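Peer 1: Listed below, chain by chain, are the residues.
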Amino acid sequence: MKILEVNDVVKIFKTKGGNVRALNGVSLDIDEGKTVGVVGESGSGKTTLGRLIVGLINPDTGSISFEQRSIGSKVNIRHPDIRGKIQLVFQEPSESLDPRIKVGDSICEPLRGLGIEKSSWNSKLKIVSEKVSLAEEQLSMYPSQLSAGQQQRAGIARALITDPKLIVLDEPTSALDPTARAEILSMLQDVQKEFGVSYIYISHDLSTVRYLTDETAVMYLGEIVEFGETSKIFSRPSHPYSTGLLSSILLPDPEIVMDESLELSGEIPSPINLPKGCFLESRCPISTKECSSHHPDLITSDDRLVRCFEVEKMKDIVQPSSKFEDFDKSFDDFMTKRYSSSVQAGNN
Amino acid sequence: MTDSISLSLNNLTVDYPGYKGSGTIAVKDVSFSIEKGKVLGLVGESGAGKTSIARAITRQLVEPGEITAGEIIFENKNIVSMSQKELRKYLGSQISLIVPNPKSELDPLLTIGRQLGDVVKTHLKLNNKEAREAVLKVLEAVQIPDHNSRYSAYPHELSGGMAQRVIIAMSLICNPKFVISDDATSGLDVTVQREIMKLMQNIIKEKDLSVLFITRDIGLAAHFCDHLGLLFRGQIVEIAPINSFFKNPIHPYSLALLSAFSHSVKWRKVYSTDPQKWSKEFFINGNVPDSMIEVEKGHLVRMIR
Chain L
3 MKILEVNDVV
13 KIFKTKGGNV
23 RALNGVSLDI
33 DEGKTVGVVG
43 ESGSGKTTLG
53 RLIVGLINPD
63 TGSISFEQRS
73 IGSKVNIRHP
83 DIRGKIQLVF
93 QEPSESLDPR
103 IKVGDSICEP
113 LRGLGIEKSS
123 WNSKLKIVSE
133 KVSLAEEQLS
143 MYPSQLSAGQ
153 QQRAGIARAL
163 ITDPKLIVLD
173 EPTSALDPTA
183 RAEILSMLQD
193 VQKEFGVSYI
203 YISHDLSTVR
213 YLTDETAVMY
223 LGEIVEFGET
233 SKIFSRPSHP
243 YSTGLLSSIL
253 LPDPEIVMDE
263 SLELSGEIPS
273 PINLPKGCFL
283 ESRCPISTKE
293 CSSHHPDLIT
303 SDDRLVRCFE
313 VEKMKDIVQP
323 SSKFEDFDKS
333 FDDFMTKRYS
343 SSVQAGNN
Chain H
1487 MTDSISLSLN
1497 NLTVDYPGYK
1507 GSGTIAVKDV
1517 SFSIEKGKVL
1527 GLVGESGAGK
1537 TSIARAITRQ
1547 LVEPGEITAG
1557 EIIFENKNIV
1567 SMSQKELRKY
1577 LGSQISLIVP
1587 NPKSELDPLL
1597 TIGRQLGDVV
1607 KTHLKLNNKE
1617 AREAVLKVLE
1627 AVQIPDHNSR
1637 YSAYPHELSG
1647 GMAQRVIIAM
1657 SLICNPKFVI
1667 SDDATSGLDV
1677 TVQREIMKLM
1687 QNIIKEKDLS
1697 VLFITRDIGL
1707 AAHFCDHLGL
1717 LFRGQIVEIA
1727 PINSFFKNPI
1737 HPYSLALLSA
1747 FSHSVKWRKV
1757 YSTDPQKWSK
1767 EFFINGNVPD
1777 SMIEVEKGHL
1787 VRMIR
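Chains L and H are the protein sequences, given in the same order. All residue numbers for the first sequence refer to the numbering used here, where the first residue is 3 and numbers rise by one. All residue numbers for the second sequence refer to the numbering used here, where the first residue is 1487 and numbers rise by one.
Bound conformation, chain L alone (with noise of 0.2 angstroms):
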């Protein structure tokens, strides 16, 4: 079942120097209990469309359900109806926390908007703080004396103690260091799989997109350039912006070269003055005449949704690749082997 559905977003931010255009038409379905990733460069609007599907901001233009409801000025994310039923996750895990509340307190925050009875607020603090495996001593502390792991556990558990429906998660790990960025993503998804929330998940972490999210979304200057299963994606891209991505991924294994034949070049345009084409077009190793003076639509392909007039060029330039599979069972290898080799001189 459909949780929520973006359609068509537009939405404009009007400034001193022009209007920047955030989003472009952007149109997105997320299903019960599933996650869908949304990656690209800063200035592409992940976080805009996050703001947008929790109610924070209004479109200009297009609309937002969420179970069948629309979202916008009048049912927002304080409608009755909604309210605890989407929830935001941050990125600067110590901005989220008051400093002078303590975390426990700070984690049960919500319930009082909800109006819930102050006694039950116990038990559900024990449930959501064992869940993200907040210690009880750690409750009363203050954020300052937790890591930053730790606070974003917290933010984490606020989020989930209204029993939401939707956490749209917006860069939660990329504050934290690669160990508690491990740890956060493997309690999120046992998380999922207990209480069959849905996440938006929004990166530029191409390595934890991959392995938190079952579709994905890439985003260039406030459009969706490609959409689609997350594992297709990564094993044959079909947008050259797509592409220039995930060449930009580092395995810890020097031996693994990522296929840098479809290479981008310079930064993202301002979204204040767009070009009037494609607006890769500046940056794509691809580009023909079209590219400068049509502005591309997001059109079927095969099992997916790409917004390129060379999506057939790219078929024959990119091939199936299946470096990342084959990464992970070289490790898995490497580390089993060196795991009983390390039993046995134990045993020795």
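Derived from the structure by calculation, the hints contain no laboratory data. In this text the structure is predicted, and so the values were computed from the model without any measurement. No residue lacks a Cβ here, since even glycine has one placed at the ideal position from N, Cα and C. Misleading hints may appear alongside valid ones.
To list a few chain H residues with every Cβ distance to chain L over 12 angstroms, as calculated [as the list claims (entries may be wrong)]:
| no. | residue |
| --- | --- |
| 1 | Lys1514 |
| 2 | Gly1523 |
| 3 | Asp1604 |
| 4 | Leu1622 |
| 5 | Ser1672 |
| 6 | Arg1754 |
| 7 | Ile1770 |
| 8 | Ser1777 |
Quick list of in silico lysine-lysine cross-link-like pairs, DSSO-like style, CA-CA up to 27 angstroms [what the hints assert, rightly or not]:
| no. | chain 1 | residue 1 | chain 2 | residue 2 |
| --- | --- | --- | --- | --- |
| 9 | H | Lys1522 | H | Lys1563 |
| 10 | H | Lys1755 | L | Lys36 |
| 11 | L | Lys331 | H | Lys1763 |
| 12 | H | Lys1752 | L | Lys331 |
| 13 | L | Lys36 | H | Lys1752 |
Dock chain H against chain L, hints included.
Peer 2: Same frame as chain L, but now just chain H:
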């Protein structure tokens, strides 16, 4: 042998004394050497002492941090015992530091050209005309498009990637021999990071620079460094030539970090970053061993047999 070494640390210890005597030892007994023209990657998580090492080498430790033991030898001279006057000759011109957050490092009120020009005027004693030429040359070298007009741009007019290029330009303008990169690309987008890394790789080769490359990202280090050292709570736990490390990582912390990067739930359960869970050759009587064992040529692991 010593002629081929650009910089070496011998048993460096950095201490941040506390008010009541119980200070924090941020860097403990760290030794390594970097050959000329080579890149040593130093990987560790926050609090491992990466930045303290970078700042110790440039003698810019944040108060109250101080070097309490060890020496830093750069071209046969000990940086630790240099006078401030002597030090000034080296910093900026021979040794330079590339920092993250390029925008906070640049003066918002001065043009790029002026800021870069000041560096060469101070260190190389160039006149205005020569300085301008040197600045334009270095802006071109770091591939800033339209560098003639960017010369008079202010920092806020640059994107993050461009500002980082300016910082790299600033660190290269006096033709240093040794460059420290402290998480230089961590704030950048992935595609921009890749371009910057390629640029740095080319410059390192061209100018035969020696580099200390500090990062949290072991994936980045894998593709960029000749040697790799893993830093854990102020100590190096494993250091090796890059291929030797990735073919045969030994220390449980190295394995834990690799498992985290590979998102392998299974192996993260086996290898922990908590020393209490390491086997006794790596952690004994509540301490990591003082000794390191050479398991292969140049591949050292902090353990006891």
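Peer 1: If a hint holds in the structure, say so; if it does not, say that too.
Peer 2: Quick rundown of the hints versus the structure:
Interface exclusion of Lys1514 (chain H) from chain L stands, the closest Cβ pair being 20 angstroms apart, more than 12 angstroms. Consistency note on Gly1523 (chain H): stated as away from chain L, and its beta-carbon is indeed over 12 angstroms from all of that chain's, at 18 angstroms minimum. At roughly 27 angstroms, the least C-beta separation between Asp1604 (chain H) and chain L is larger than 12 angstroms, which holds for a residue marked as non-interface. Non-interface status of Leu1622 (chain H) relative to chain L is upheld: no Cβ of that chain comes within 12 angstroms, the nearest being about 21 angstroms off.
Residue-level check failed: Ser1672 (chain H) sits 10 angstroms from the nearest beta carbon of chain L, not beyond 12 angstroms. Separation of Arg1754 (chain H) from chain L is inadequate, the least Cβ-Cβ distance of about 6 angstroms not exceeding the 12 angstroms criterion. At the 12 angstroms boundary, the C-beta of Ile1770 (chain H) stays outside the reach of chain L, the nearest C-beta of that chain being 14 angstroms off. Every CB of chain L lies more than 12 angstroms from the CB of Ser1777 (chain H), the least distance being 18 angstroms, so the non-interface label holds.
Distance restraint check for Lys1522 (chain H) and Lys1563 (chain H): the Cα-Cα separation of roughly 15 angstroms lies within the 27 angstroms cut-off, and the hinted pair is therefore satisfied. This hinted pair checks out: Lys1755 (chain H) and Lys36 (chain L) have alpha carbons roughly 25 angstroms apart, not beyond 27 angstroms. Our distance criterion of 27 angstroms between C-alpha atoms is met by Lys331 (chain L) and Lys1763 (chain H), whose separation comes to about 26 angstroms. As the CA atoms of Lys1752 (chain H) and Lys331 (chain L) are separated by approximately 13 angstroms, the hinted pair is consistent with the 27 angstroms bound.
Among the hinted pairs, Lys36 (chain L) with Lys1752 (chain H) is consistent with the structure: their alpha-carbon atoms are about 23 angstroms apart, no more than 27 angstroms.
Hints 5 and 6 from the list above are not met by this structure, while the remaining hints are.
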